[in-house]
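Number of protein chains: 2
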Amino acid sequence: MEPARSNPYTGRPIRVVIWGLGAMGSKMGRLLLEKPGFALVGAFDRDPSKVGRQVAEAVGLQPDASASRVAVEGEFRVVDADVAILATGSFLSDVAPLIRRALDAGMNVITIAEEMADPWAVGKELADALDRTAREKGLRILGTGINPGFILDSLIVMLTGVCSRIRSIRAERVNDLAPYGPTVLRTQGVGTTPDEFQRGVKNGNIVGHIGFPQSLRLIAHTLGWNIDRVEEERRPIVTNVPRRTAYMEVLPGQVAGCHHVARCYVGDQLVITLEHPQQITPEAEGVQTGDRIQIDGVPPIDLQIRPEIAGGEATAAIAVNMIPRALEGPPGLLRMIDLPMPAAILGPQAIWRHGGVLAGV
Amino acid sequence: MEPARSNPYTGRPIRVVIWGLGAMGSKMGRLLLEKPGFALVGAFDRDPSKVGRQVAEAVGLQPDASASRVAVEGEFRVVDADVAILATGSFLSDVAPLIRRALDAGMNVITIAEEMADPWAVGKELADALDRTAREKGLRILGTGINPGFILDSLIVMLTGVCSRIRSIRAERVNDLAPYGPTVLRTQGVGTTPDEFQRGVKNGNIVGHIGFPQSLRLIAHTLGWNIDRVEEERRPIVTNVPRRTAYMEVLPGQVAGCHHVARCYVGDQLVITLEHPQQITPEAEGVQTGDRIQIDGVPPIDLQIRPEIAGGEATAAIAVNMIPRALEGPPGLLRMIDLPMPAAILGPQAIWRHGGVLAGV
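Those protein sequence lines, which keep their order, are chains A and B.
Take the first sequence: its letter number 76 is residue 75 in numbering that gives the first Met the number 0, and every next letter is one higher.
Take the second sequence: its letter number 318 is residue 317 in numbering that gives the first Met the number 0, and every next letter is one higher.
The shape of chain A in the complex, shown without the other chains:
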């Protein structure tokens, strides 16, 4: 592989459009404007306060921070681009029509929509149809992100690579919701009473983490385990002390977050447990944030990352870092486990010379 891949990318930069300039899309926009090897050739967002502005300014850079003269447009439009980064929603059914529009425009697609990390977990027919369309057009679709996409699935899969036997896997991501605004806090039940929390879970307003079915399927499928049953449980994290963020104050006896657990069984055997307690200021009750993966196998593995990998920064980074990997992959609907492992793009050598990219896709 060396001779072809070690050459610096000397052709034209990879042309990217961003669809959705929320917190995540804007972070990715900043990275794409700053990193060598990319040209941001389009940006689409419905927010009237962003439409018409220069993209550098719209994503939070100084107006003169970039040579890009691209202006934000309110609707997706066909432009000459290699890849569309889609950062508009979480659910397969919401993003599938947008993915189709990008494919029809001849663009590969990378999305941080959580359900796209393994869309077969929630919609086999729709996933198969997207896969078929992408193959017919010679294009790739990839779902990625920190979680799902990395911590509770890809990183676990990677670690199993040094195991010959595995009895069970347990992993946990403990984070702090303090940086998040009211919309996110509401979906985790922050500020509710325990009764309101239970009602919110029942009526679907309190969702917890989006991505467990995807992560479980990615792991089980890769290891060759046939999933017989998946359980999900959402418990209120009731605080014993006052907790306060810039957006919300929670009193003792109220709910500070949602402890969401997913369990995966092969037959009657519990083989994978994923836990993701999301709450504001966990340290108020002495809970340390962090990522943990424990594999009961040969050899056993007990991994900790403290504090947890910061989700926002990581999701923006991995979406950008996967661009060359996705463009080098085979056409179709891809998952992280189908591609060479992610790596930071820090210099021009990492943008590999690739037939698909240089020839235009």
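Please note that the accuracy of each hint is not assured.
Computed list of lysine to aspartate or glutamate pairs in EDC-like fashion (alpha-carbon distance at most 20 angstroms, straight line) [unchecked claim]:
1. A:34 with B:295
2. B:201 with B:231
3. A:136 with A:295
4. B:34 with A:295
5. A:136 with A:103
6. B:34 with B:312
Computed beta-carbon distance windows for the label pairs [stated by the list, open to error]:
7. A:269 with B:287: 24 to 32 angstroms
8. A:78 with B:286: 56 to 64 angstroms
9. B:287 with A:245: 38 to 46 angstroms
10. B:166 with A:51: 54 to 62 angstroms
11. B:195 with A:229: 31 to 39 angstroms
Derived from the structure by calculation, the hints contain no laboratory data.
All C-beta atoms, glycine included, are put in the ideal place defined by N, C-alpha and C.
Given chain A, put chain B in place with the hints provided.
Showing chain B alone in chain A's frame:
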């Protein structure tokens, strides 16, 4: 990708030969005899005590533990196999002729020879020649193992995938040499005086870890860093207390192991530091074994695995687990970073249906 890759492997098993039945080769032999989807069709080792014996017995299983009737042969021989696992030596120059013989026999090659993790780090011409031959024959060569191959390179690369900026990387593997015999202990200077240690480093008898140039190049190359300078340092770990293993006793003032450090510079900037102190019974002086990776970047990452991933079990496992990955890869000399991430092979689904394998390679 889903439709093709999710199908269980329903054709014939992957046919494997093992070349070298030492501790590592024997472990791999046991895995290959036990796991579905593989057929061990040949085993070669010069040890007269193994030649002629049934392979199951030679690798330490009960003689009737496997249906395999393959007997160990003293010399490599052309058999009809998809892949040869090579576990005979550490150095590129030693294994290159053996790799050529396997390629000439039409076999893909997976080797745990440390220098093969990235042979370009030590022998560009020889690596290029192997790469060329493999491509011409439509075969693959892959170097893997726990270290180099995983902890101090692939796992680091994987983690950088969630980073947008990196100032520097520091990683460390602290292990216990107590399980190892006199040959390994000698190469780490265990039992010498500090003076003897320094002389041993100078005359090449005390080598420390084999693999730092490979790991450094794998990381730097993937990130797009141009290495300007690499330093390696081997320091004696002088014990303050008596330390004892089944094979060796070391007294206070004597050397209990080798602290081997490698540093990689871009310009004058220290960008990667890899440390691998190898000693007997580190806990005798309160040193905990473990793997640690620290990335000074955006986001920052601080990862610990405690205790360290057991090297012998992990090396055997990853060599076997990478077999289907390597067979699915493009022809040529491959590195771990060129292939989809490793994953444990636990069920038949993980042996993917693959053109190369089903059609015979």
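So, going through the hints one by one against the coordinates:
1. Of the pairs offered as hints, the one joining residue 34 of chain A and residue 295 of chain B holds, with about 18 angstroms between alpha carbons and a cut-off of 20 angstroms not exceeded.
2. About 13 angstroms separates the Cα atoms of residue 201 of chain B and residue 231 of chain B, which keeps this hinted pair within 20 angstroms; it holds.
3. Restraint check for residue 136 of chain A and residue 295 of chain A: not satisfied, since their Cα atoms lie roughly 43 angstroms apart, outside the 20 angstroms limit.
4. A C-alpha spacing of about 18 angstroms is found between residue 34 of chain B and residue 295 of chain A, which places the hinted pair at or below 20 angstroms, so the restraint holds.
5. Under the criterion of a C-alpha separation no larger than 20 angstroms, the hint pairing residue 136 of chain A with residue 103 of chain A is consistent with the structure, at around 8 angstroms.
6. Proposed proximity of residue 34 of chain B and residue 312 of chain B is supported: the alpha carbons are some 15 angstroms apart, at most 20 angstroms.
7. For the hinted restraint 24 to 32 angstroms between residue 269 of chain A and residue 287 of chain B, the CB-CB distance of approximately 30 angstroms keeps it satisfied.
8. Checking the proposed 56 to 64 angstroms range against residue 78 of chain A and residue 286 of chain B shows it holds: the Cβ atoms sit about 58 angstroms from each other.
9. At about 39 angstroms, the beta-carbon gap between residue 287 of chain B and residue 245 of chain A stays in the expected band of 38 to 46 angstroms.
10. Distance hint check for residue 166 of chain B and residue 51 of chain A: the Cβ-Cβ separation is about 37 angstroms, which falls outside the suggested range of 54 to 62 angstroms.
11. At about 60 angstroms, the beta-carbon gap between residue 195 of chain B and residue 229 of chain A misses the expected band of 31 to 39 angstroms.
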